[in-house]
Amino acid sequence: MTGPLVIARRSFLRGLNLAVGGLTLGFSFSARAQKAPVPSGSQALDATAPGLNPNVFLHVAPDGLVTIVCHRSEMGQGIRSSLPVLIADELGAQMARVKIRQADGDVVYGDQNTDGSNSIRGFYEDLRRVGATARMMLIEAAAARWKVRADECVAKDHLVTHRPTKRRLGFGALAVEAARRKIPEPKTVVLRPRSELTSLTANMPLLDGPAYVTGQAMFGADVRLPGMLTVVIARPPVVGGTIVRFDAADALAVPGVVKVVEMPQPKVPWHFQPWGGLAVVAENTWAAMRGRAALHITWAAGPNGAYDSEVFKAALSKAVSVPGLVARKVGDAEAALKSAARTVEAEYHVPHLPHLPMEPPVAVARMTSDLCEVWAPTQNPQAAQKEVARALGVPLEKVRVHVTFLGGAFGRKAKADFCSEAAVLAKMLGVPVRMQFTREDDLRHDYVNTVSTNRLTAGLDPSGRVVALRYRTAFPSIQSLFGDPATPEPEDLQQGVLDLAFAVPNLTAEIGVATAHTRIGWLRSVYNIFQGFSIGSFVDELAHERKADPRDVWLELIGPPRKLSLSDLGVKELKNYGQPLELHPVDAGRLRNVIDRVTRAARWDERGRDGRFLGLAAHRSFLSYVAAIVSMIKRPDGKLVVDEVWVALDAGIIVNAERVRAQMEGSVIFGMSLALYGGITMKNGAIEQENFRDGGRIVRMGEAPRKTWVDLMESDAAPGGVGEPGVPPIAPAIANAVFALTGQRVRELPLIKAMGRQRV
Amino acid sequence: MFLEASKVLRHPRCANCHPDGDVPLQAMEAVPHEPPVTRGPADRGVVGMECTSCHQDRNLENARVPGAPNWHLAPREMAWVGKSPRFICEQMKDPRRNGGKSLAQIVHHNAHDELVAWGWLPGHGREPAPGTQAQFGELVAAWVETGAECPDEGAQP
Amino acid sequence: MSISLRINGEERLLDVDPEMPLLWVLRDVLGLTGTKYGCGAALCGACTVHLEGQVVRSCVTPVRRAQGKSVTTIEGLSPDGSHPLQRAWVEQGVPQCGFCQAGQLMTAAALLKEHPVPTDAQIDQSMAGNLCRCGTYCRIRDAIKKVSGGGR
Chain A
-6 MTGPLVIARR SFLRGLNLAV GGLTLGFSFS ARAQKAPVPS GSQALDATAP
44 GLNPNVFLHV APDGLVTIVC HRSEMGQGIR SSLPVLIADE LGAQMARVKI
94 RQADGDVVYG DQNTDGSNSI RGFYEDLRRV GATARMMLIE AAAARWKVRA
144 DECVAKDHLV THRPTKRRLG FGALAVEAAR RKIPEPKTVV LRPRSELTSL
194 TANMPLLDGP AYVTGQAMFG ADVRLPGMLT VVIARPPVVG GTIVRFDAAD
244 ALAVPGVVKV VEMPQPKVPW HFQPWGGLAV VAENTWAAMR GRAALHITWA
294 AGPNGAYDSE VFKAALSKAV SVPGLVARKV GDAEAALKSA ARTVEAEYHV
344 PHLPHLPMEP PVAVARMTSD LCEVWAPTQN PQAAQKEVAR ALGVPLEKVR
394 VHVTFLGGAF GRKAKADFCS EAAVLAKMLG VPVRMQFTRE DDLRHDYVNT
444 VSTNRLTAGL DPSGRVVALR YRTAFPSIQS LFGDPATPEP EDLQQGVLDL
494 AFAVPNLTAE IGVATAHTRI GWLRSVYNIF QGFSIGSFVD ELAHERKADP
544 RDVWLELIGP PRKLSLSDLG VKELKNYGQP LELHPVDAGR LRNVIDRVTR
594 AARWDERGRD GRFLGLAAHR SFLSYVAAIV SMIKRPDGKL VVDEVWVALD
644 AGIIVNAERV RAQMEGSVIF GMSLALYGGI TMKNGAIEQE NFRDGGRIVR
694 MGEAPRKTWV DLMESDAAPG GVGEPGVPPI APAIANAVFA LTGQRVRELP
744 LIKAMGRQRV
Chain B
202 MFLEASKVLR HPRCANCHPD GDVPLQAMEA VPHEPPVTRG PADRGVVGME
252 CTSCHQDRNL ENARVPGAPN WHLAPREMAW VGKSPRFICE QMKDPRRNGG
302 KSLAQIVHHN AHDELVAWGW LPGHGREPAP GTQAQFGELV AAWVETGAEC
352 PDEGAQP
Chain C
264 MSISLRINGE ERLLDVDPEM PLLWVLRDVL GLTGTKYGCG AALCGACTVH
314 LEGQVVRSCV TPVRRAQGKS VTTIEGLSPD GSHPLQRAWV EQGVPQCGFC
364 QAGQLMTAAA LLKEHPVPTD AQIDQSMAGN LCRCGTYCRI RDAIKKVSGG
414 GR
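Residue numbers (our numbering), protein chains in the order written: chain A, -6 to 753; chain B, 202 to 358; chain C, 264 to 415.
Isolated chain A, as found in the complex (with noise of 0.2 angstroms):
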């Protein structure tokens, strides 16, 4: 996105499934997408200019030019590097010669919700479908010409050629002919072997690398809209807080503030609702600021208003201290528990996390009489289109949501709610808007990931085997977000609990109630980072109670190489990151896999004798696989430091092994972040963190490994969630590392809290 966001539309496109023109090709992503309602004017290609043009997706121009089109959000993971050469590949095209356009919000290009690890895992086989589309009929078109068979017929390097001729055409020469075929019913689709997906197995270069390092690149706060005012906003700190009185004289008189006006108030659920509070509008950012600082407001704090972390981890830890509702049992947990020789039992806290992306949330948007169009660095635009419309009061079709560069989202950027602020602001003022969040906005009115306590108890018999598991966990649900705020779903146990592959004869896993008292949100890896903690921690305390080492314990209990049916589980379904078993199935083995290939790279086997002090770690989530190794040692001044990592991930088949692993490494800083310091604190029913200090630190350059090691699985499986898997499995591989160096076990994070603020 250098330079404006302009992309033609196609006005004329109304949906999937429709020949518009003989070229719109028939698949569709999901039923949701078809049943959903189409804007008219649905921003695409430009399906008049000449060329082959099969989807909303491809565009080959008659002078060679392959347009594709990225309908994921890049914000970070490199998915404009990596998905369009699922496209690019299978049609035979040179990246040098594609040019990615990133899309709206429209339905027309299916799912968008750029989360859950999805945007590989979700559309590998459909997006090559897009490319081996147009191959065929670009081959076809060149089989007319040439009066060959097609089978006969090759493209590969932008060039069709004829095999037993060795007659060349190119894509671009062939582009007007094969826009006259027919397309190419779905199922006659031909994939190309993996073995000639030559791209996606290389390193690809950094499409955006040049927009990057030269401040090019187009983010959200970067849009800029003749006319335009600034907007911050002195949002209630309590959530569901409301005004009492407010006094602006003194924020009028600052020089370029233009207006304080109030938001519209939200009401529960809070879903993706503006904040409510009062909005200072001004020339520029640092008027509305200081305009902000000279409000004088009155809050009421309302039902939220005696939140308070400390009291509510009390009331976790009594939750978990009596049956749950039952979501998984195998054998008879309680039975097993009551003859075992002994038992370990163990209690896990995890605060609520903050997101903190670079970019704090920010939008802008311009209302005119017929449109409402914002531009945002969001996960999910059609969310947003939804959200504006539903804020505005319009239908869908008077909503384009255009997407730039996410400067991080974590999650954060899913959640609608700033674009509409945005756009309840433009309609207000009737000007150009750009709503900025402040970085004190953004963590103050995050939608944390939830706090949590697990209680695990192991029954263990005469010989240390584990022969009960009950895992009780208690945590306000994200559902809270969109309904009620108290009631626990077996399905909210999902992510690390009803999947864990665990061959424990008898198990349980309880869950307790939790009220969300706050507006909870999904953060990378979501629930996976207290459940992936507390088991990861379990694991080393049983192999410390047993003598044993982890890793053998480990292995234990994961138990012999298998895929685990819903029985096996002891689950009555299991959502499984949306994929069927049959797919992506629980498989023990893979699991093993990944602790067999850690344990080797670290050289587990010679810890402790080298001076190293070793933690280890392992987790499924988002249908991959990661196991990590954490070493720690302690600096002369006392401090402990991180001072190697490696990460073994099998995550399926790999696209663009190179931003697989720069994920891996990032995962590795995130989750040592959420390790060490990461810690949103509750205080009167307002966040008490206010920006990158305290429980909003992050880890900075001087703390990062001084080498992380990467192993990828190779792998024919379905691809897996790559974004969010290498998190879980940190922070207790650093919790374990910090016991193996000094006995001290940490059973709640931040380890700060713990180890002291000097010490870490």
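Careful: at least some of the hints might be erroneous.
What the hints assert, rightly or not - So, partial list: chain C residues that the calculated Cβ filter (under 7 angstroms) puts toward chain B:
| id | residue |
| --- | --- |
| 1 | Ala304 |
| 2 | His313 |
| 3 | Leu314 |
| 4 | Val318 |
| 5 | Arg320 |
| 6 | Val323 |
| 7 | Ser345 |
| 8 | Ala373 |
| 9 | Leu374 |
| 10 | Glu377 |
Said to hold, decoys possible - Computed footprint of chain C on chain A; a stretch qualifies when at least three of its residues, placed anywhere within it, have a C-beta under 8 angstroms from a C-beta of chain C:
| id | stretch |
| --- | --- |
| 11 | 212 to 218 |
| 12 | 592 to 606 |
Bear in mind the hints are in silico, worked out from the structure with no lab data behind them. The beta carbon of each residue, even a glycine, is placed where N, CA and C say it ideally should be.
Chain A is already provided as a structure; the job is to place chains B and C on it using the hints.
Only chains B and C this time, still in chain A's reference frame:
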């Protein structure tokens, strides 16, 4: 008399930038400066993390960044953190450890220096050093006038 | 009050509040949006620019401090993205979301000017003010070392 003055000198507002090491301290708990900064070759930080990369000539209330003219760290030989009043007293009189100042210059520096003055106007809800700079200046002047004697080792205010 | 300063080699005369941080002058007044707002409190380094060659956090630097002085932003680090650090950043695949990288590059450029072959400790100390939430630190170190030709 010096003991009285040492209440100011050893107050975290003053002592935090007279560390006995390469890292300035902050807050009343005297914790290491965050973001992590180091003394550097001239007590003004290292390239990329110089004191004046962030600190301005005055306090910034919105950003909570404290500031005063010539913001920098006291040289290593002027360390006060963890030192006794007597040690600091001897140090203050020693031209090799006080920046080559005469006692008259010491008095003037304490009474009028703009960076010293920050100790009483620290901004953003920070607890100021005890008293006022004027009072502190008078105290130091009186100490010099009465012979600049140092307290016994172990003596505390 | 009018302020005159040189930005990326170009003389500018501005009629702005002298207390306005340089960051907002760059972004809101001059439209130079390569310099980013990340915290407004000199904690993250996303707004890093050079003032007379020295690293400053523009979010806390009142524009009056730049009166009569020379400011370099990411847009002026090189005319065409050809600074050795910019090239190394692309080749090593440093950026993830890219938002902090302008600040990282400005600090790294100042570091290499003073220490052409920095040690690991020098890199860690000088880069300590630049946060990256994506966690690209190890690659930043590697890219700086690549440009410096080793650096141990």
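The hints, checked one at a time:
1. Ala304: 4 angstroms, holds
2. His313: 10 angstroms, violated
3. Leu314: Constraint on Leu314 (chain C) not satisfied, violated at 9 angstroms.
4. Val318: This interface hint holds because 5 angstroms falls under the 7 angstroms limit.
5. Arg320: With Cβ-Cβ at 5 angstroms, under 7 angstroms, it holds.
6. Val323: Holds, about 5 angstroms.
7. Ser345: 22 angstroms, violated
8. Ala373: 5 angstroms, holds
9. Leu374: Result: holds, 5 angstroms to nearest chain B Cβ.
10. Glu377: 4 angstroms, holds
11. 212 to 218: Holds: 4 residues of the stretch 212 to 218 of chain A have a Cβ under 8 angstroms from chain C.
12. 592 to 606: violated (count 0)
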